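Student: Spelled out from the first residue to the last, the chains are:
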Amino acid sequence: MSVQALTRLTPAVAAERAALTALADAPETEISGAPVYAPQAAGLALLLILASPKQPSEPRDK
Amino acid sequence: MSYPDASPQADFAAAAEALARHVLGALKGTQEPPGPGAFLAGAADTKAALAAVRVLGPDVFAPLLLTGAPFGAADRDAVTEAFRVFPPLPQDGEEVAWRDHAAATLLARHGGEPPGAAPPPVRVASRPWREGARTLARLAPLTLPGLPGPFTEPPAAHLLTACRGLARSLLRRDHTTAARLARWAALAGRGARRPLDVATALRHLELCGGSGARVALDIEIARRLLAGREGRTG
Chain E
168 MSVQALTRLT PAVAAERAAL TALADAPETE ISGAPVYAPQ AAGLALLLIL
218 ASPKQPSEPR DK
Chain U
924 MSYPDASPQA DFAAAAEALA RHVLGALKGT QEPPGPGAFL AGAADTKAAL
974 AAVRVLGPDV FAPLLLTGAP FGAADRDAVT EAFRVFPPLP QDGEEVAWRD
1024 HAAATLLARH GGEPPGAAPP PVRVASRPWR EGARTLARLA PLTLPGLPGP
1074 FTEPPAAHLL TACRGLARSL LRRDHTTAAR LARWAALAGR GARRPLDVAT
1124 ALRHLELCGG SGARVALDIE IARRLLAGRE GRTG
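If you read the sequences in order, they're chains E and U. All residue numbers for the first sequence refer to the working numbering, where the first residue is 168 and numbers rise by one. All residue numbers for the second sequence refer to the working numbering, where the first residue is 924 and numbers rise by one.
Because the hints were derived from the structure by calculation, they are not lab data. There could be a bad hint or two in this list.
[Stated by the list, open to error] Each pair of labels, with its calculated beta carbon distance range:
1. E/Glu197 <-> U/Pro1044: 25 to 31 Å
2. E/Ala201 <-> U/Glu1017: 35 to 41 Å
3. E/Asp192 <-> U/His1127: 24 to 30 Å
4. U/Thr1123 <-> E/Pro202: 17 to 23 Å
5. E/Thr196 <-> U/Pro993: 33 to 39 Å
Since the model is a prediction, treat every value here as computed from it, not as a measurement. Ideal Cβ placement from N, Cα and C applies to all residues, glycine included.
So here's chain E without its partners, still in its complex pose:
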């Protein structure tokens, strides 16, 4: 069978080829979407607890 032009489209330009390759040859995602353990978060929470202001005292009645 000879290659016949079904449409009048010209062959793809470089940008179109690059877009096609990016879609067809998509690699795995770079960044994992999984939840990860973050030990520094515990330190931050402790710091916030220690650095928080004192509990206000009740005003005295005179």
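Use these hints to put chain U onto chain E, whose structure you have.
Tutor: Same frame as chain E, but now just chain U:
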């Protein structure tokens, strides 16, 4: 005020999703007519539709190979035109070259031009399993029945790599890669005990894998490959 997108990638991605929905419907028997010719005829953006045919590659033949859906002259012309507008390039990677070769081989069986020589075999067994799993994921369209294998060894040799990669992708929530590797795990595990319950992995992907049609198509193909198994699922 909106600015036009200079890159055609968004249009091509949308068309690839639409074609994946079309092929998925053809696999389930809800798309009539099922072939890519009907998709091209109904597309508003012809070039994006042709790009979609090239993006899905051998998967546009999945309804024919898995369910015996008809593949007529209009379908053959659509794939031929996609190859004309988006011809393979010499600098394409080995995975792309093999996908193109598989699509050209299937096209030749239905009246297309004979494909060129097969690319050099892909060596997965000698690579670390993470790298091997990435290669397998990119070669997922070659899991369809009757296609030439890209490896020197049989697919069963890559069962452990596919299952390790599938588990890793599930943990990373990379559902696209997981669905692709599930196809290899389903195919390579035929006649053997799989180290991973692929059916459960597919169910998880179906529930948590998002609404992408390309992922849904990979899941459906993997499920059909699994249903044709001769062995047990471990």
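Student: For each hint, tell me whether it holds in the structure or not.
Tutor: Comparing the hints with the structure gives:
| no. | hint | result |
| --- | --- | --- |
| 1 | E/Glu197 <-> U/Pro1044: 25 to 31 Å | 28 Å, holds |
| 2 | E/Ala201 <-> U/Glu1017: 35 to 41 Å | 29 Å, violated |
| 3 | E/Asp192 <-> U/His1127: 24 to 30 Å | 26 Å, holds |
| 4 | U/Thr1123 <-> E/Pro202: 17 to 23 Å | 21 Å, holds |
| 5 | E/Thr196 <-> U/Pro993: 33 to 39 Å | 37 Å, holds |
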